[in-house]
Amino acid sequence: MSDHDSVYDGLVGHDLPGDDSRWAFGTDFEDPLAGVDTTLPEGVDGAALAAYCLMLGDDALVHSHRLSQWASNAPDLEEDIALANVALDLLGQARLLLARAAAADPGVVPPLPEGSPVPPEDALAFFRDEAAFRNVRLVEAENGDFAVTMVRLLLASTHRLAVLQRLTTSRDQVLAAIAAKGVKELTYHRDLAGRWFLTLARGTAESRRRLEAGLALVWPMREELRRTHPVERTVAEQGVGVDPAEVADEVDVVLEQVPAVSGVERPALPPVGLVAGGAGREGRHTEAMGRLLAEMQVVARAHPTGRW
Amino acid sequence: MSVPATPTRAGAAWEVAASVLDPELPVLTLADLGVLRDVEVAEDGRVVVTITPTYSGCPAMATMRDDLVRALRDHGHDRVEVRVSLHPAWSTDRITERGREALRSHGISPPGPAPRHDGPVALTLQPVRRALRCPRCGSSETELTSEFGPTACKALYRCTDCLEPFEHVKEI
Chain A
1 MSDHDSVYDG LVGHDLPGDD SRWAFGTDFE DPLAGVDTTL PEGVDGAALA AYCLMLGDDA
61 LVHSHRLSQW ASNAPDLEED IALANVALDL LGQARLLLAR AAAADPGVVP PLPEGSPVPP
121 EDALAFFRDE AAFRNVRLVE AENGDFAVTM VRLLLASTHR LAVLQRLTTS RDQVLAAIAA
181 KGVKELTYHR DLAGRWFLTL ARGTAESRRR LEAGLALVWP MREELRRTHP VERTVAEQGV
241 GVDPAEVADE VDVVLEQVPA VSGVERPALP PVGLVAGGAG REGRHTEAMG RLLAEMQVVA
301 RAHPTGRW
Chain B
1 MSVPATPTRA GAAWEVAASV LDPELPVLTL ADLGVLRDVE VAEDGRVVVT ITPTYSGCPA
61 MATMRDDLVR ALRDHGHDRV EVRVSLHPAW STDRITERGR EALRSHGISP PGPAPRHDGP
121 VALTLQPVRR ALRCPRCGSS ETELTSEFGP TACKALYRCT DCLEPFEHVK EI
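First to last, the protein sequences are chains A and B.
Mapping of the first sequence onto this note's numbering: position 195 corresponds to residue 195, and the numbering continues sequentially without gaps.
Mapping of the second sequence onto this note's numbering: position 112 corresponds to residue 112, and the numbering continues sequentially without gaps.
Hints in this document: simulated from the structure, not taken from any laboratory.
The reader is advised that the hints may include incorrect statements.
Stretch-level coverage of chain A by chain B, calculated; a stretch enters the list once three of its residues show a Cβ under 8 Å from a Cβ in chain B [unchecked claim]:
hint: 1; region: 31 to 43
hint: 2; region: 93 to 101
hint: 3; region: 167 to 177
hint: 4; region: 290 to 297
C-beta atoms are modelled at their ideal positions from N, C-alpha and C, and glycine is treated no differently.
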């Protein structure tokens, strides 16, 4: 490391001539895909691939936001740290996926004021309106208590792990690479949730009661993960994406195993209904989503050209 | 996109880049950590460094980039570009032997062999079993405190012999 006259010198990134300021709310590594070849594979529709990346990216982004709301609120320090770690992994995946979406179809990026320093993936995260988000409703739901959060994490991460594992052979090299990293991380997430499911089930009468209540609350939102959206069908046909119907059985095995080992019955509840024939993947979200986006987006939206 | 390399300059530039320390674990260089993938010098003198993120959400990337740029500038390379490579995914297997020894001598337990994820990943409901030795006293009577620690890459353990807590770099 070189010497600096002042400890603050080292904090300024580029020492480039001209304007040194940057987007106030980003991570300062401007392009997470810098140097990565984002050329579309042969025979792949950019708009479909971008929409697919938004689905996977929004699932991660919204779930990450929910999990990060546990920071300083978790039952103990170790779980506080664990949830923050899971949220960070998902946020990283979201960033890569949203950046890939923007590269595949720049048209998905919301327009910003002239001279705005906001990079595409941040524009997608902070400046899209609710109807443009393509996450499933499962991940936008309020956190509830720790049991609700853990059941939701189990369902979401089991499904996501299965999808990403198949995505490692995507014809899109970028998606394949993102998936390969994601698989390693999701394994830890799913196992964390599984262990807590078991612990809560076998703990006290109170923990078991809360687990069963959480399961009843979350289970009906599971169906949406298994619905095949036309975009998912298209990208699966083009060899770049995964049809969720393909992973349904594998996911079911885990979601039978965990309750069985825990001595808990799977709820027999109907799935949450569609709204005008659609759900999260079509941008039809619940009330909770509006409040989530208000919290997540308000500062960036107040300063769309914010620099420091 | 590859740029033609001049061997001696690339070698010198590599040495500089390889000596940059990891911002979170400053006992390791970016080369020891397996984060530094490639260093190429173009005919016009531009240096292109390729790094790979450890975890998807690794927050240290910007600092690594800045440190690489500064180090190379200090050694006379005016134009430095830092690129990202996502494939093959980073694994703790890429941490060098020297890196592992550095971790150990600074009280951090180095990772064991990384798990392979060739097909569907089997679910374990048991806590992850690792046979770890305390980096301070060498005892094998260690127990897990949490699978997740202060950074994305580490788990928390404690030694039941010397009673000290320590961090373990998770196998991934």
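Tested hints:
no. : hint       : verdict
1   : 31 to 43   : holds (count 7)
2   : 93 to 101  : holds (count 3)
3   : 167 to 177 : holds (count 4)
4   : 290 to 297 : violated (count 0)
Hint 4 from the earlier list is the only one contradicted by this structure; the remaining hints agree with it.
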